[in-house]
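**Q** Chain by chain, the residues:
Number of protein chains: 4
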Amino acid sequence: MSSSYGQNYRFTIFGQSHSAAVGVVIEGVLAGERIDAEALQRFLDRRAPGRSELATARKEADVPEFVSGLKDGVTCGAPLAVLLRNTDARSADYAPFAHTPRPGHADYTASVKYRGHQDAAGGGHFSGRLTAPLCVAGGIALQLLQREGIRVFARLQAVGGVWDTCELTEPVSEKNFPVVDEEAGRWMRERILMARSAGDSVGGVVECRVDGLPAGLGDPIFDGMENRIAAAVFGIPAVKGLEFGEGFRLAEMSGSEANDPFILEGERVSTRSNNCGGILGGITDGMPLVFRAAFKPTPSISVPQDTVDLEKRCETAITVSGRHDPCVALRAVPVVEAAAAAAVYDALLEERKNRRMEWN
Amino acid sequence: MSSSYGQNYRFTIFGQSHSAAVGVVIEGVLAGERIDAEALQRFLDRRAPGRSELATARKEADVPEFVSGLKDGVTCGAPLAVLLRNTDARSADYAPFAHTPRPGHADYTASVKYRGHQDAAGGGHFSGRLTAPLCVAGGIALQLLQREGIRVFARLQAVGGVWDTCELTEPVSEKNFPVVDEEAGRWMRERILMARSAGDSVGGVVECRVDGLPAGLGDPIFDGMENRIAAAVFGIPAVKGLEFGEGFRLAEMSGSEANDPFILEGERVSTRSNNCGGILGGITDGMPLVFRAAFKPTPSISVPQDTVDLEKRCETAITVSGRHDPCVALRAVPVVEAAAAAAVYDALLEERKNRRMEWN
Amino acid sequence: MSSSYGQNYRFTIFGQSHSAAVGVVIEGVLAGERIDAEALQRFLDRRAPGRSELATARKEADVPEFVSGLKDGVTCGAPLAVLLRNTDARSADYAPFAHTPRPGHADYTASVKYRGHQDAAGGGHFSGRLTAPLCVAGGIALQLLQREGIRVFARLQAVGGVWDTCELTEPVSEKNFPVVDEEAGRWMRERILMARSAGDSVGGVVECRVDGLPAGLGDPIFDGMENRIAAAVFGIPAVKGLEFGEGFRLAEMSGSEANDPFILEGERVSTRSNNCGGILGGITDGMPLVFRAAFKPTPSISVPQDTVDLEKRCETAITVSGRHDPCVALRAVPVVEAAAAAAVYDALLEERKNRRMEWN
Amino acid sequence: MSSSYGQNYRFTIFGQSHSAAVGVVIEGVLAGERIDAEALQRFLDRRAPGRSELATARKEADVPEFVSGLKDGVTCGAPLAVLLRNTDARSADYAPFAHTPRPGHADYTASVKYRGHQDAAGGGHFSGRLTAPLCVAGGIALQLLQREGIRVFARLQAVGGVWDTCELTEPVSEKNFPVVDEEAGRWMRERILMARSAGDSVGGVVECRVDGLPAGLGDPIFDGMENRIAAAVFGIPAVKGLEFGEGFRLAEMSGSEANDPFILEGERVSTRSNNCGGILGGITDGMPLVFRAAFKPTPSISVPQDTVDLEKRCETAITVSGRHDPCVALRAVPVVEAAAAAAVYDALLEERKNRRMEWN
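Protein chains in written order, with the working numbering: chain A, 1 to 360; chain B, 1 to 360; chain C, 1 to 360; chain D, 1 to 360.
Rather than coming from a laboratory, the hints here were simulated on the basis of the structure. The reader is advised that the hints may include incorrect statements.
Which copy is meant is left open, because identical chains are indistinguishable; a pair holds if it fits in one copy or across any two.
[Unchecked claim] Below, in silico cross-link-like pairs of lysine to any residue (SDA-like), each with a Cα-Cα straight-line distance of 25 Å or less:
| no. | residue 1 | residue 2 |
| --- | --- | --- |
| 1 | K59 | G149 |
| 2 | K353 | G116 |
| 3 | K353 | P288 |
| 4 | K312 | G32 |
| 5 | K59 | E257 |
| 6 | K353 | G286 |
| 7 | K59 | E38 |
Everything numeric in this text was worked out from a predicted model, so none of it was measured.
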């Protein structure tokens, strides 16, 4: 355990890279919510493989199959169970790695944990493929949040040291390459193609912003917005760093620089700057919630790498062929949105408990 | 909710800065474990206020009072309840802030969330004072981990842009100023005193390392070691960033640089580098687990700051006097150890379920 | 929420009576466990409908489809996702009840809770059909328990006031009619057929016994074996009562009658009687764990019943035709075993955390 | 684990019979709720020992000490921590039972579970003393429910086979002996005194009723009202049976007798009978929620009993002197109310999540 997330909007992700399907079961969706199937499909398509020269060639339709929880496209209060079929799995590609773990992957740690019984093909349950059902859970949360006036949107902010330095204020998901500054985007693209042609890969940073949040979401100490988002975002493979607002830069500042002064915007309390990323004491302050996730480079690279043979107990070298993304951060942009949406929606349901209501 | 952490080593933190006491209730400690009271006190003393010119002048004995769960100093299987009395609280210091929220603090967000009913004095439940019971829970976990051959230790790695660039390989907690490179330490100290004399504060970075971990701890997707540690560490006030291994630097690397090649050290599988911070796929690989937390500067500063008067609905300015740490990161070093220890011990108990055992 | 059970062996049940499938996702199964598909199928067949004149005529193959978590029939450590297709659903049968709730069913309460959005067909998520995936989760737990020397078996103990007064000491699941005293069984059968021919139904009692338990399973206060089993067994539709050991009869006894004296059986501590049903202070004492669940009569009956029209807001009457069990307790026998097995296995995994282990 | 209850109104009970104090930490109470200290004290006094010849002579003030979570008697949103000091503990009374477990008690099972490290004095964490903090958590829930128009009240329904056959429609807590039919009450009293003078004890049944519930509380399958109440009520020591509505009697009925026909009472949907105890499909139907808990006789009796000496591994006999209730069911009446209130309030908070709200 555990492939489950959430206390109120609670879901469990299942499946392996090469199992019959991957999927998710979701509890806690209110009854009477229409799921916009087209919007969900468009969202899933942003993550889906095989759509571009910058992504893996594995081709999956990723059409969600609702097994339960819907009646005429509307939630009925019962858990939602959703499947995404695995159709283009090539397990043979992975046979060589059964005893020679790929550096940077979970092959070795999974083989220790599961004493050799793990499903090694394609990374099994540790595969990036499992971000597809996360996008189903998050994509539904996105729709539900939108109905409350809350928008979640992310962008690729950096690739291998190339940064998009423009501020993210509006969604860029309509774009082919999800950046604000298109010039920077061209350089990032170049960087990815360069890595690809070298049989190598490159890391990146995804920035995410949540707009329209009321003040007061999030809970003290271990259920602050930072904790909640971290618990979801570190569930995305390859994420190794996370910061809120100015994050690590705050560690270099003085208090007089870092503190965000309160101001009035008409009747509304606001802050002049947003160094805290919209979160104070774990609770939203009504400003945009902003965070950044650091992705390591795709560990699958086709240059030779040193490893060990777990059976023969000797050192050896491998080359990982197969089909891989040269930069996971790129396709991770909607995945980060999904993780954020799930975390925010869960906090929003939590907050409802704090409001007295009239029974009738 | 929620001031609770953990699934197996589960604890709930209670108290406000100026309540009669702060404390913690812990479930899941095995029966028959001796709690070393002296070692625990030494650990708490590292965090306790009023010990140095670099820390707040608030003076608290912080002697843990075990209300339950112990019999002759040994755990009896029942929950541990521990109190730490608040003796040096000066609520009058906080009266002015009831309606003029201090920038950078939870005053405003708590007042929205609790509709004016929050205990504002000293930051209430959002105060750094609540890290004392966290240190009780973590300090006990540290002892239990030590008995399994696992050591958790942290250092102050940076203050306001001054970095300790030496590698952390051994505990530095015996030192007066917890750094590896003492020259860097002197500069950091200088930086803190400078902030203090300016009525200002400064941010910092704490690095933590866990040695002696077996491979195989941690669980897939949402219960990976990163998720578990993040859920605990973001429970420390002022933490705004977290990274594992090379963290954000991985986003600038290529895969061939970032991947840690597997090697054999005698019979033992190891890695040549440790860019991943000892975690692959959320699971420990047997190398040291390494992470860094970014702390924002103490928000309490005595220079004038802009804020709003929530009652009169007008803009105004305040000066925060009271007694404060000029750099929370310094006293946070043992707190980060405590959070890490709690997370690691929780994962270790989880792993026990995966081992078949003999009943008798 | 919540259709989830368990802390260690954790599963979520999904599906409605007439959705594409019902199913279950299970977390916490150890890697390396072979699932005996034939044994599981035999177990599911005991619950499956359409097998006898005493049960509903709805015909479902109930062949579990493992979507994930298995590799060559052996668990790989990832969550198990299992589907059971719904093939013989006749939603038209239920159209009349959309606004005229059937007495004794969840039609009315679900319509209030879900504000009219519930999936009313066949009782939706409240249908007895959902006990099929519970039997998958429990049937797997049964196999895992068996490998630890623990047996779980139940019998039909009473139907409409007719009791099987013989003691349950061995499984009766091989029998066509799961009772100990076959003479009593014939009377029960008669009672069921009588109800059926009258278009009526009848209640019953199922008794369950768990053999081979070590002493020491279960936890204090809210996680005692009684709490754990109750939380699972009340998840079976129609259960309205539950008692452990002598249960309600203990309320009529004196302490000197009720207390079970400790004795030695060779080296082993045992008790002379077992009035407590093998549980003291919530913890197993090494004797057989015994409990009884009371099932109300199937609420679906074909005699006319008074109800209200929720749309027209007037009183009216209905007759429930459709296909129904005249006595749900009969087919519930394996379901009770499943619920008990899940609860016991969850407690067993919990107990593993209390045993120190050697890492290697 | 686990001495914790609840998902929304979540509390952890701590303490042993002879520890410095027993207590409870509660999360999830809304901010701004005034705790009526006098009403809470009156409620605790109903459970407190040493008040009558029918109860143990142990004398405890049971005045709750609020360590945190309150500001001027009003909840501030932070966890409530409450202590009840143990002042009249006589551990010496229990020394003889360290190795000769008392029949019917948790002495033996706790010694197995905790490998001899349990706090045996007074039953430790398994003592009825732990129902005092449960009454704090439940007593607060009672006040919060009352503000929503919901009343929870119980009565002693049977003692050793003597039944109060009158219906419970109004609270009887003002009475000295909490029964409806005072004639029956006199017989019960007689039965208890008889047991007491014989150095014996006697079991009983407590019935509880919740009035004013809206329809729609409770959740499907494992979070139905029955599951929620069972999970709390089996947390009370000595409870061995539980039934809802007509409970075990439903197992003897036909469907046409058992089903509660729906009727209209003015505009309101109601049922003609209430055999289901106000719960259909786990969800409240707006009728009174009714359940009954069976209590075994107090296991502590002063007549000689057979047991074993765990050290010498031989059979022996003991006499339990000490101070004990001759009938735990009597003092358990408010405890059952407390458990029910906690469960109902938790379900009510859960339901709030299902109602869309306006942010402002």
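**Q** So which of those numbered hints doesn't the model satisfy?
**A** 1 and 5
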